[in-house]
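**Student:** Once you have looked at the hints, place chains B, C and D on chain A.
The primary structure of each chain is shown beneath.
Number of protein chains: 4
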Amino acid sequence: MGNTFGRIFRLTTFGESHGAAVGGVIDGCPAGLHINISAIEQMLAQRRPSKDFETSRSEPDKVRFLSGIMDGATLGTPIAFVLENQDYNSEDYEHLKDIFRPSHADYTYQAKYGFRDHRGGGRSSARETVARVVAGTIAMQFLEKQGISIDACVTQIGNIKTLDTQTIDFQVSDNSPLRCPDKDTEEQMMAIIAKTKSQGDSLGGVIACVISGCVAGLGEPVFDKLSADLAKAMMGIPSAKGFEIGEGFASAAMTGSTYADVFNNDFSTKTNHSGGIQGGISNGMDIRFSVAFHPVVTTSKPIECVDGKGVSHIIEAKGRHDICHVPRTVPIVQSMAALVIADNFLLQKTQN
Amino acid sequence: MGNTFGRIFRLTTFGESHGAAVGGVIDGCPAGLHINISAIEQMLAQRRPSKDFETSRSEPDKVRFLSGIMDGATLGTPIAFVLENQDYNSEDYEHLKDIFRPSHADYTYQAKYGFRDHRGGGRSSARETVARVVAGTIAMQFLEKQGISIDACVTQIGNIKTLDTQTIDFQVSDNSPLRCPDKDTEEQMMAIIAKTKSQGDSLGGVIACVISGCVAGLGEPVFDKLSADLAKAMMGIPSAKGFEIGEGFASAAMTGSTYADVFNNDFSTKTNHSGGIQGGISNGMDIRFSVAFHPVVTTSKPIECVDGKGVSHIIEAKGRHDICHVPRTVPIVQSMAALVIADNFLLQKTQN
Amino acid sequence: MGNTFGRIFRLTTFGESHGAAVGGVIDGCPAGLHINISAIEQMLAQRRPSKDFETSRSEPDKVRFLSGIMDGATLGTPIAFVLENQDYNSEDYEHLKDIFRPSHADYTYQAKYGFRDHRGGGRSSARETVARVVAGTIAMQFLEKQGISIDACVTQIGNIKTLDTQTIDFQVSDNSPLRCPDKDTEEQMMAIIAKTKSQGDSLGGVIACVISGCVAGLGEPVFDKLSADLAKAMMGIPSAKGFEIGEGFASAAMTGSTYADVFNNDFSTKTNHSGGIQGGISNGMDIRFSVAFHPVVTTSKPIECVDGKGVSHIIEAKGRHDICHVPRTVPIVQSMAALVIADNFLLQKTQN
Amino acid sequence: MGNTFGRIFRLTTFGESHGAAVGGVIDGCPAGLHINISAIEQMLAQRRPSKDFETSRSEPDKVRFLSGIMDGATLGTPIAFVLENQDYNSEDYEHLKDIFRPSHADYTYQAKYGFRDHRGGGRSSARETVARVVAGTIAMQFLEKQGISIDACVTQIGNIKTLDTQTIDFQVSDNSPLRCPDKDTEEQMMAIIAKTKSQGDSLGGVIACVISGCVAGLGEPVFDKLSADLAKAMMGIPSAKGFEIGEGFASAAMTGSTYADVFNNDFSTKTNHSGGIQGGISNGMDIRFSVAFHPVVTTSKPIECVDGKGVSHIIEAKGRHDICHVPRTVPIVQSMAALVIADNFLLQKTQN
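Residue numbers (numbering that gives the first Met the number 0), protein chains in the order written: chain A, 0 to 351; chain B, 0 to 351; chain C, 0 to 351; chain D, 0 to 351.
Isolated chain A (complex conformation) (with noise of 0.2 Å):
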């Protein structure tokens, strides 16, 4: 019912925001894969908020693992894993208990269930994707054993965008604050980031994502393309509203004498116009996409509510929030990716 991904390498996650804990239990994931905890711990770091240009809670996000795991190693059996809520004010949002904010999951639930936690978003939360981050950095080490690595960057913050999103230094963006890949882009970021703080208000962008290593051969064919994949993983996140791959929607604007990429001897192309993946299965090439994210709409300004009755509020801002998301979404695409292509790389192994 929506809380599983994955068909061989299986993520089911749980937890509400203001609830005891949130966590997720990994199935399928192959015996005697040596877990690196601290590069866990390190992509659960990248998604915590900046003190910087976000205002959220902050949970020292400590993974407790229950089982699945001998000696440091996966033993094939599911994987569980709890990380405990912390740092909650359920009083914030008790005047919110028979509100409903606008583009929040709150109306919605409500008509979905006849009933919802009310309390920093209770299941819609972004909080439920920390159990994301540790199942996909699980999963990307997995992955680096086959010799596929999965990188990330932001090449968008409102309307400041990267010039060239084809030869992305992630050298550069692991580095940066914003985890943009160019330093003068950066900087327009930043004074765009400031401004918006100083005016109450929150900011979208695009995350690009590069697939590197990725043998040929995985994906489906008909339904589940590596590409239908991978769009529905990216849309699954919270805020995210478009999905391309390869050139996108620039391909629509393309003729198909120049979209065509031609074949290396080694059957590598001169060209990577497709991202990597034709007719739904990738071909060796890097898998390449990117994803929009909508500003995040709780913001410092008051906003117009209605209650269960129908009847408008203006509701002031009490929770946290954060000015850009963005910037830690980043280690979410990732792990979504990971679980993608870790899931495909499973299945390609019962047909050859």
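Calculated from the structure, these hints are not laboratory results. Each hint should be verified, as a subset may be incorrect.
Identical copies carry no separate label here, and so any pair may be met within one copy or between two of them.
[Claimed, not checked] In silico lysine-lysine, DSBU-like type, Cα no more than 35 Å apart, as pairs:
no. : residue 1 : residue 2
1   : Lys300    : Lys269
2   : Lys194    : Lys269
3   : Lys300    : Lys96
4   : Lys182    : Lys308
5   : Lys308    : Lys144
6   : Lys269    : Lys96
7   : Lys160    : Lys194
8   : Lys308    : Lys61
9   : Lys196    : Lys300
10  : Lys96     : Lys160
11  : Lys96     : Lys194
12  : Lys348    : Lys196
13  : Lys308    : Lys196
14  : Lys348    : Lys160
15  : Lys300    : Lys61
16  : Lys194    : Lys348
17  : Lys348    : Lys96
18  : Lys182    : Lys96
19  : Lys182    : Lys269
20  : Lys269    : Lys308
21  : Lys308    : Lys348
22  : Lys144    : Lys196
23  : Lys269    : Lys196
24  : Lys96     : Lys144
25  : Lys61     : Lys96
26  : Lys300    : Lys194
27  : Lys300    : Lys348
Please read all numbers here as calculations on a predicted model, not as lab measurements.
**Tutor:** Okay, now just chains B, C and D, sitting in the frame of chain A:
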């Protein structure tokens, strides 16, 4: 393994381009639904190439139902249907037996399976989508009874775009050979198609889809968001390279305060930047999304290919191909959308 | 919705007893498997009624493959196949339109769907199992390449049982019209069948199955134990009422010290009380299980039925029926076992 | 990969016998169900060993819910729960690190994963079933609201059987330490247990289960028959070796005319040979089935094992074990039955 779509309303398709037949099996369609065969035939006709700007193979697309229907109504048991392949010339493809065409699925299928049907693209051919249209039209008939309708049109061909995608007149597009909702734009599209045809090249484009009358509460939280399901469905259509919902990529440049869809007192919203889905769950407003398609890569121009040893060959196209396949992709977009909504509609019945 | 079996090697079947056709779609069968059509026809012949002790409908059972096979080998894409229904007389069932026969699926299908195909049992007819045999034989051909074979025979008809079920001679049973592995028992079975035929009644029985050459390590822990998968497969065969593996029900009366299968030094075991599965996972020994089938309820005797209002009617049987359907159920047991093992074999490839 | 059960009401379990904790995640439980914690604790108590005839490890089995419940009621989101492991002595198992015990999952897990948790059986331990009981009791609470109840009792221990399994008095069995529905039989069972205990051996047995109040129409045709789902659920319980429904194996010796369950005018049936399921779908009568369990193989007797090189060793048992685990398996049978019925109940809502 990639040939089944949906959890409750499930479609499995089969068939190669130049095999005996294509078809599908629908499982989970509720009993007692009266099937309108002529509506199916009408949708299939929309998927067939136009003489003017497409030179594709022309199949009669006669559907034969083998099971699951008695006295014109569904039995609740699997609905199997077959469309025999007739108008194909496998000889046209004999010279491609050991050839990988650029940006086709030739190389990737070979990498995946070690063996492939080289005739007309085999399973990777868009011929397969005929089965999606049959099943999707049945899903649309089921949804109609629930008051839900699904419309789609072409908003871009090459670099020609309709100016306004917010107020689409589907009566215009339904009667347009290009499925374009605006007469002026259609004229420009016709001109660019004519020019491209004369150059022996091809064009991509964008399709917009609107789902109206959809009840609030559809879609599952976290991984199976309704937006994620739609993204997967759309990116599984041949040549799809991008998906966006609501404001999509444009939302990245908005601020949180302008992005918010403020409620009316009846829980409808004053704006619909979200595109009818919030927190992954439908909110009762129109669900609006767009899909970008790259141009068909096979054109009448000679094309540089490689053989199984990596040696380059210039190949003259012999098979048929589309100048612009986007108009005939409209019923496929509608069909996949219908499968997603029918599936989520039935799934939601388990939770209330 | 119940018409698909398996996770990797997946079969979806369709078709009503008196509809146009029955058939299926296999997804996930690896590419490059050469299909032996005559072996499929041979298995189908074993499923057909014998003139001597069965009076069932006789279909030619001619399989037509529609996809997934080229030049005699599988492509890795869905393998669809169809068997047209020919020898049926729907008129024989006209008088049953509003009648519920006891211990048939008439009432339960009506309760489930509110609507049913009353002709020959519709979807609940054992006619559907023909598709399982086609798919199961393909699975057997895949398993043969892995050194795995699946044999089955009849060990009980009515109250006549073979004395020894530990050392079955399948060469005898394969040549027996009753699929009985013991000539003396066969004779007694023939006698009881003749007597039952003269009384216009019918008989049930038990089938034993042995899977040899199965590698250790198949089956998943906890819910998807190999024994659980086999149980589900067998209990999904029409008229199955019991399943036991290894010592089965007799193991309840053993002590722990006598039940233990002590190892030889090559990890084979001195006894095989477990039936080749320990902790839900194959141990490399023969997998041995039995399935009990109730007698066919439609006989040539008049039968007390009710109509849709609950009023009783005595109905004279007009359709054809089996005196004892157990011998022709043998290939169905083998087929379902093959589907289970092929699926688990492929699944295990993801974990090592 | 074997650790998830169900399609709509889904349980995923995790945990090794001597790991940090065992637990589970329930997805798909409808929102608004009030959870009776003390009923869960009561069922867990029934799964705990009795001092008299079991010498097993004694865990407090304190459940902690981490998510999915607010103010005592389900939210519709995943319900995660954890039971910390406390009373285990991994040192007792140190000598078994490189030892395969007969008829345990030691060798098969090693064969499957190439690596295993040797402590207390690891994942293959029946400790895992505690999570099934928590989830199953929640399923039972959901079913209670639909008027469906699930009872089970012990009808055989060793070679001692209750004479009448048709008219079970569950009030008697619920108050019996052996869960036996008949006082005389209980006495004989007690005697055989005492004798077996003095011999340092162990006993198997049979559990009967009755599901009452189940609406007609549950279960899916063909592969996912309700009987097949129940068989899979039961055969997935540790040490299960046989399953039968209604007349079960005895039906093989009946004739068709005696087997038929003739209807009353209210569509109930005069007999219930079918055990409440016809054509795989519930008919509204009591669903009756039995499950056979082999004796626990670890006893206090020395046991012949092999090490990883195949060399034999006589091992003295040090860990704790049950003389007869069948009585405490009763709540596990009920729990698995509840998961099956809840899942099928919700699934059926999609079809009408």
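**Student:** So, for every hint listed, does it hold in this structure?
**Tutor:** Results of checking the hints against the structure:
no.: 1; hint: Lys300 <-> Lys269; result: between (50 Å within a copy, 19 Å between copies)
no.: 2; hint: Lys194 <-> Lys269; result: between (42 Å within a copy, 27 Å between copies)
no.: 3; hint: Lys300 <-> Lys96; result: within (19 Å within a copy, 62 Å between copies)
no.: 4; hint: Lys182 <-> Lys308; result: neither (50 Å within a copy, 44 Å between copies)
no.: 5; hint: Lys308 <-> Lys144; result: between (56 Å within a copy, 29 Å between copies)
no.: 6; hint: Lys269 <-> Lys96; result: between (57 Å within a copy, 23 Å between copies)
no.: 7; hint: Lys160 <-> Lys194; result: both (17 Å within a copy, 34 Å between copies)
no.: 8; hint: Lys308 <-> Lys61; result: neither (41 Å within a copy, 41 Å between copies)
no.: 9; hint: Lys196 <-> Lys300; result: within (11 Å within a copy, 54 Å between copies)
no.: 10; hint: Lys96 <-> Lys160; result: neither (39 Å within a copy, 45 Å between copies)
no.: 11; hint: Lys96 <-> Lys194; result: within (32 Å within a copy, 60 Å between copies)
no.: 12; hint: Lys348 <-> Lys196; result: neither (49 Å within a copy, 43 Å between copies)
no.: 13; hint: Lys308 <-> Lys196; result: within (33 Å within a copy, 58 Å between copies)
no.: 14; hint: Lys348 <-> Lys160; result: neither (40 Å within a copy, 44 Å between copies)
no.: 15; hint: Lys300 <-> Lys61; result: within (32 Å within a copy, 45 Å between copies)
no.: 16; hint: Lys194 <-> Lys348; result: neither (51 Å within a copy, 47 Å between copies)
no.: 17; hint: Lys348 <-> Lys96; result: between (49 Å within a copy, 26 Å between copies)
no.: 18; hint: Lys182 <-> Lys96; result: neither (44 Å within a copy, 50 Å between copies)
no.: 19; hint: Lys182 <-> Lys269; result: within (29 Å within a copy, 40 Å between copies)
no.: 20; hint: Lys269 <-> Lys308; result: between (60 Å within a copy, 17 Å between copies)
no.: 21; hint: Lys308 <-> Lys348; result: between (54 Å within a copy, 25 Å between copies)
no.: 22; hint: Lys144 <-> Lys196; result: neither (42 Å within a copy, 49 Å between copies)
no.: 23; hint: Lys269 <-> Lys196; result: between (44 Å within a copy, 26 Å between copies)
no.: 24; hint: Lys96 <-> Lys144; result: between (48 Å within a copy, 28 Å between copies)
no.: 25; hint: Lys61 <-> Lys96; result: both (29 Å within a copy, 31 Å between copies)
no.: 26; hint: Lys300 <-> Lys194; result: within (14 Å within a copy, 52 Å between copies)
no.: 27; hint: Lys300 <-> Lys348; result: neither (52 Å within a copy, 38 Å between copies)
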